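Asker: The lines below spell out each chain.
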Amino acid sequence: GDSVTQTEGQVTVSESKSLIINCTYSATSIGYPNLFWYVRYPGEGLQLLLKVITAGQKGSSRGFEATYNKEATSFHLQKASVQESDSAVYYCALSENYAQGLTFGLGTRVSVFP
Amino acid sequence: GGIITQTPKFLIGQEGQKLTLKCQQNFNHDTMYWYRQDSGKGLRLIYYSITENDLQKGDLSEGYDASREKKSSFSLTVTSAQKNEMAVFLCASSIPFSQNTLYFGAGTRLSVL
Numbered sequence: 001g002d003s004v005t006q007t008e009g010q011v012t013v014s015e016s017k018s019l020i021i022n023c024t025y026s027a028t029s030i031g032y033p034n035l036f037w038y039v040r041y042p043g044e045g046l047q048l049l050l051k052v053i054t055a056g057q058k059g060s061s062r063g064f065e066a067t068y069n070k071e072a073t074s075f076h077l078q079k080a081s082v083q084e085s086d087s088a089v090y091y092c093a094l095s096e097n098y099a100q101g102l103t104f105g106l107g108t109r110v111s112v113f114p
Numbered sequence: 115g116g117i118i119t120q121t122p123k124f125l126i127g128q129e130g131q132k133l134t135l136k137c138q139q140n141f142n143h144d145t146m147y148w149y150r151q152d153s154g155k156g157l158r159l160i161y162y163s164i165t166e167n168d169l170q171k172g173d174l175s176e177g178y179d180a181s182r183e184k185k186s187s188f189s190l191t192v193t194s195a196q197k198n199e200m201a202v203f204l205c206a207s208s209i210p211f212s213q214n215t216l217y218f219g220a221g222t223r224l225s226v227l
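Protein chains in written order, with this note's numbering: chain U, 1 to 114; chain Y, 115 to 227.
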């Protein structure tokens, strides 16, 4: 079946430094999956951060960017300069069939300290 | 904007007990989902429903029943709670042809004594 592998566990980074969370995927269909980053801020529910449905395209939101790399089957999340408010758990996910929901990675907890 | 409401927020059960979790959405979305999240295991799909009265099994459906009697609501039943079980159950909804963007509720945290 489909699978998503992302940077494991916790990442700690200083405010104003750059951040990258790696995500690679394996999709079983012959088409291109839709790729997503979801985020859960402390005390809040899981919410969409960004999505890209076309290979080669880049998605961006709240200063974060991710590029759909079909050749490398990757969808890494990056931000040039993080803030304390970016502390959250980030999930990479893919979808092949609109009705069957998403396949998620295990999540990466990001802690940004001043 | 809409909202997905899950009740209860916290659920404490006894081993062998049947437990029901409820989810309501006012997005008017057709498709709804139940996911389970265990520590270190990410989110796994239990059941989903494409429309009212439709039920589809996900990868983790064994041990669960689901019910979608109305478009706006989707219930999940743990048929027999397992001792020391701890997990968070997340309900979500989406509209067709939206590239499968899911909107999530805040979750129900289950603990079984």
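Rather than coming from a laboratory, the hints here were simulated on the basis of the structure.
Fair warning: this is a prediction, and the values are worked out from it, not measured in the lab.
Ideal Cβ positions, reconstructed from N, Cα and C, are used throughout, including at glycine.
Please note that a few of the clues may not be correct.
[Stated by the list, open to error] Where chain Y lies over chain U, by a calculated footprint (3+ residues, C-beta under 8 Å):
(1) 42-50
(2) 105-114
[To be verified] Computed cross-link-like contacts, DMTMM-like style, restricted to lysine to aspartate or glutamate with a CA-CA straight-line distance of at most 20 Å:
(3) U/K58 with U/E15
(4) U/K70 with U/E96
(5) Y/K123 with U/E96
(6) Y/K136 with U/E96
(7) Y/K197 with Y/D179
(8) Y/K171 with U/E96
Asker: Quickly compare the C-alpha distance for Y/K136 and U/E96 to 20 Å and report which way the hint goes.
Answerer: violated, 27 Å
Asker: Between U/K70 and U/E96, is the straight-line Cα distance small enough, at 20 Å or below?
Answerer: holds, 14 Å
Asker: With a C-beta cutoff of 8 Å, work out whether three or more residues of the stretch 105-114 of chain U approach chain Y closely enough for the coverage to hold.
Answerer: As far as the stretch 105-114 of chain U goes, the hint holds, because 3 residues have Cβ atoms under 8 Å from chain Y.
Asker: Given the proposed pairing of Y/K171 with U/E96, does the C-alpha separation stay at or below 20 Å?
Answerer: holds, 16 Å
Asker: For the stretch 42-50 of chain U, does the count of residues with a C-beta closer than 8 Å to a C-beta of chain Y reach 3?
Answerer: holds (count 5)
Asker: Straight-line Cα separation of Y/K123 and U/E96 no greater than 20 Å?
Answerer: This hinted pair is violated, its Cα atoms lying about 31 Å apart.
Asker: For the pair supplied as a hint, Y/K197 and Y/D179, is the alpha-carbon distance within the 20 Å limit?
Answerer: Between Y/K197 and Y/D179 the Cα gap is close to 19 Å, so the pair holds against 20 Å.
Asker: Holds or violated: are the alpha carbons of U/K58 and U/E15 at most 20 Å from each other?
Answerer: violated, 24 Å
Hints 3, 5, 6 from the earlier list are contradicted by this structure; the remaining hints agree with it.
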